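**Q** Going by the numbering used here, the sequence shown opens with residue 62, and the numbers climb by one from there.
To be clear, the hints were calculated from the coordinates, so they are not data collected in a lab. Accuracy of the hints is not assured; some may be wrong.
[As the list claims (entries may be wrong)] What follows is a set of in silico ranges between Cβ atoms, one per label pair, in the way DEER data are often shown: (1) E293 to S114: 33 to 39 Å; (2) E390 to T73: 45 to 51 Å; (3) M291 to K147: 35 to 41 Å.
No experiment lies behind these values; they were computed from the predicted model shown. Just so you know, even glycine gets a beta-carbon here, dropped at the ideal spot from N, CA and C.
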Amino acid sequence: MRQITLGSTGITVPQNAFGALPIQRVPMDTAVHILRRAFKGGMTFFDTARAYSDSEEKLGAAFDGMREKIYIATKTMAKTPEEFWKQLDTSLHNLRTDYIDIYQFHCADHCFAPGDGTGMYECMSQAKAQGKIRHIGITAHKLNIAQEAVASGLYETLQFPFSYLSSKKEEALVKSCTEHNMGFIAMKGLAGGLITHSRAAMAYMLQFDNVLPIWGIQRESELLEWLEFMQEEPVLDDELKAFIEAERKELVGDFCRGCGYCMPCPAGIMINQCARMALMLRRAPSQNWLSENMQAEMKKIEGCLECGACRTKCPYGLDTPALLKKNYEDYQKVLAGEVKVQ
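Take these sequences, add in the hints, and give me the full structure.
**A** The structure is reproduced here in structure tokens:
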């Protein structure tokens, strides 16, 4: 597996990294085993966040005593300096380390800058001067925020959703990062579970020599699939190109990525699953989607308050209430036997 360097950070790692959001869903011993297996298989970059419940603690347990052998990126959703320092100290404690390689503003809704009145960028600068963090990064879901962060010259890395379903605008964002010597960390490389062809997903990423994909991993079987590419990189040949083009045609238009930033819903709707149910039934068919529990969750759509809160919070600008209604209609057709799933 080729090595890449994340812009001006000097961090050089295999172009195949570990996204540690999903390990919050498994027991500690399972998570530690998976993380250590990832390192043994060649992964040296691990991305987590303060918001991912106990994910940081699991990384700390897995890599205690071997800190210099890996790179850790984590994130803060703090909006005040007081909360910034509190979250940073908690992250350092959980990760069992005295420094973080890349500390990122998490899901930024605007680009923090020196003198903007928030004091947030000044916190980052001070933490870096103290040696508590080594590099300043930002994560975003909105293209305009990401573009502003790149143009600002204030950040060493950008984390942004990127996959073979991305548009030319997102590909231009990657190019812009290269031009600004800024590392690009690709989240949602599987588009929230809609992409199920790992070879195609990886082959697409390998076209970009400044993109570091962080694959969300929860099971050892998933990890082993990515580790196979450490020994043999997939090639974006004509067959994979044709496959990706067909995928793009099928998924063109607005679709829910399942990020969950629209939650919680005042009507109790599980938006991040319900708003993409039709796609999941088609692309990842399972009888679990038709369970009594899931039927009850889908039925909650009938109680949508039309408050628009989910629409305003969606980082992709989706008309979420309309998506919910459309998915509920499709779901009812499946239940009625008008549409078949495996």
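**Q** Which of the numbered hints above does this structure break?
**A** As far as the earlier hints go, not one is violated by this structure.
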